[in-house]
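A.B. asks: As a plain string of letters, each chain reads:
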Amino acid sequence: MTEQKPTNKKPSLKQVGLSETVLWDLYTNLLKTRLLDERLRKLFRQGRFAGTYFSAVGQEATTVGPTYGLRDEDIIAPSHREIGANVTKGVPLELIVAQVYARRNSPDKGKSHPCHYGYRPKGVISPASTLAGQTIVGTGCAMGFKIQKKDNVVLAFFGEGSTSRGGWHEALNYAGIHKLPIVYICQNNLWAESVPATLQAGIKDFADRAKAYGFPGVTIDGNDIVQTHKTAAEAIARARAGEGPTLIECKTYRWYGHSEIDPADYRQTEELENWKKKDPVIRAEKLLLDLEILNTAKREALVENLDQEIEAAVQVCEKEKYVEPEEAYNDVYSERFPVLKDEY
Amino acid sequence: MKKVTYIEAITQALYEEMERDERVFLIGQDIGLYGGVFKATKGLMDRFGAERVIDSPISEVYIAGGSVGAALVGMRPVAEIQFADFITPSMDQIIQQMAKMRYRSGGAWTCPMTIRVCCGGEVGGGLYHSQINEQWFFSQPGLVVVMPSTPYDAKGLLKAAVRGEDPVIYFEHKRLYRSIKEEIPEDDFVVPVGKAAVRKEGKDITIVAYGLMCHKALEAVAMLEKDGISCELIDMRTLRPWDRETVFESVKKTSRAVLVQENSKTGGVMAEVSASITEDVFDYLDAPVSRVCGLDVPMLPFAPPMEHFFLPNAEKIVRAVRKVMEY
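Order-wise, the sequence lines are chains A and B. Note that our numbering gives residue 302 to position 302 of the first sequence, counting from 1, and the numbers run on in steps of one. Note that our numbering gives residue 231 to position 231 of the second sequence, counting from 1, and the numbers run on in steps of one.
Worth double-checking, as some hints may not be accurate.
As the list claims (entries may be wrong) - Here are the simulated lysine-lysine pairs, BS3-like style, with alpha carbons at most 30 Å apart: (1) Lys42/B / Lys146/A; (2) Lys150/A / Lys253/B; (3) Lys341/A / Lys42/B; (4) Lys253/B / Lys341/A; (5) Lys150/A / Lys195/B; (6) Lys341/A / Lys39/B; (7) Lys341/A / Lys9/A; (8) Lys179/A / Lys195/B; (9) Lys159/B / Lys146/A.
Calculated directly from the structure, the hints in this document are not laboratory data. Note that the coordinates shown come from a computational prediction; the quantities given were computed from them, not determined experimentally.
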């Protein structure tokens, strides 16, 4: 893992290796994801929607960086902490909020639990809660693309805990045999709900697992947007070119509990405080300030715009109705097979 | 018209569907080079190549879950689970992904795919090569479950499964692979999903069965005929969604029912059929519904006398029918 040491010397665009536009877009998506995520946490705490909420605050760079630059027809195989992938893939904010609110305008028609975002027009698979589930399904999408001889790719997201599941192994093993066009993004946030990574595996770097499947595995600083984007972009290019999968382990940290009902008291405050110093949004901001792509005025204007955009989306969903309860009968099967109706 | 076996009918359906639609591909263990452990996919790799007839590693999770993914991006996967006994690792993917994909995405993502599952006893397969496990899938909303008993249905239902928009678990009974032959049309045909077949019309009692048990029931029907008992035999063919109407209409006519299922009794398909008859057409019944099932022990103890003891057969069905007739 190459962790950049803090230095007083300002970097140049050439050293960073990304254009101003790309850096601006990456930062904007990071910030949009952060503001939206914090807003949704607050709304849950205010009792504005049911269930719970799975915050991804702290690990935004692991989703925004890899997703940026994908095509609509490329597939996102998410778990439940990929709000950043949805934002970056261009899923309308209103639909993200609608999913959490389980309102009539939600793409899933209120069927799925909050944070189980899916949106077919942008290639985001609606996820199940079973961990590594979409990693297996996503690998199947890549198998489909290969048979179809298309150059689409799949980005599969999961935590380090998911890598302990047998099906995860079966999927990566298969992808290695057939050199499938897929990039596996492991968001190692050190905690699988309450179980530390040290009780998840006997290895320190989860990217080491790739060796067993015959494709590259790299461990990177998951809170550095430049690294997450560049590493994934390279892997995606390889995948598109038919050169097979890559496993990218992003070391990161989730600031809050597994969900909003988890106080996360199994962790040490010191650990959290240390990771907050590596805040991916602040780091991106500093980089853009140093490169003079951003300044205080621009930042304020951007925050104001994003806040307005988020607020508009929230207001639409606040006013939207729930689906009718009879919606429960729909989409079990295609229209050919009606389901039994309740008699009482 | 040409006489074909049950397994030849399956091979033909796969061949013809792959010819018809390039989105159709096969994945499973030993299905390519070897042509399948029972030779259901014989010759298909030669004709369609290794990209469409995939010899998978021993990965039942992936066979099911990977097929779901391929279906999401527009393929028409036909996966094979070599023995129903080995489907347990796939359950997570079948129940959580395949069955619920349409529902959880509000209809946006769908899984038009088929899993062929080789199943069933009376082949000396013992505990781990005789299971069916159809009741697990039967109870799962979102899945279509079929189980043909004839070569005609084997071909027609498999084609319907491949062409449909819903995920299908297609049970094929290994005891039937080479034990029955039937003339089937050479022209393209499908058997509609969700429709039972009345194998024999009768007026005194309704027998409902599926898979191998249809053949046991046919034997019983012939034996009972000699005693002047006229049985109506219904082959369910599709277990989910099952053809309630055909069963109810028959029971309304005969007022008696015996339900036959190869698998263990508790929680089986016929428990649901029995409960539904009681709920919906109780007024027409002249006797309690009776079930003839496999023993309520793990399916299927190996030693030949125990295997025979476990399974329903014509004699057991005859005894059940007589008991219900005498009520």
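A.B. asks: Return the numbers of the hints above that this structure violates; sort them in rising order.
C.D. replies: Per hint list: 2, 3, 5, 6, 7 and 8 violated.
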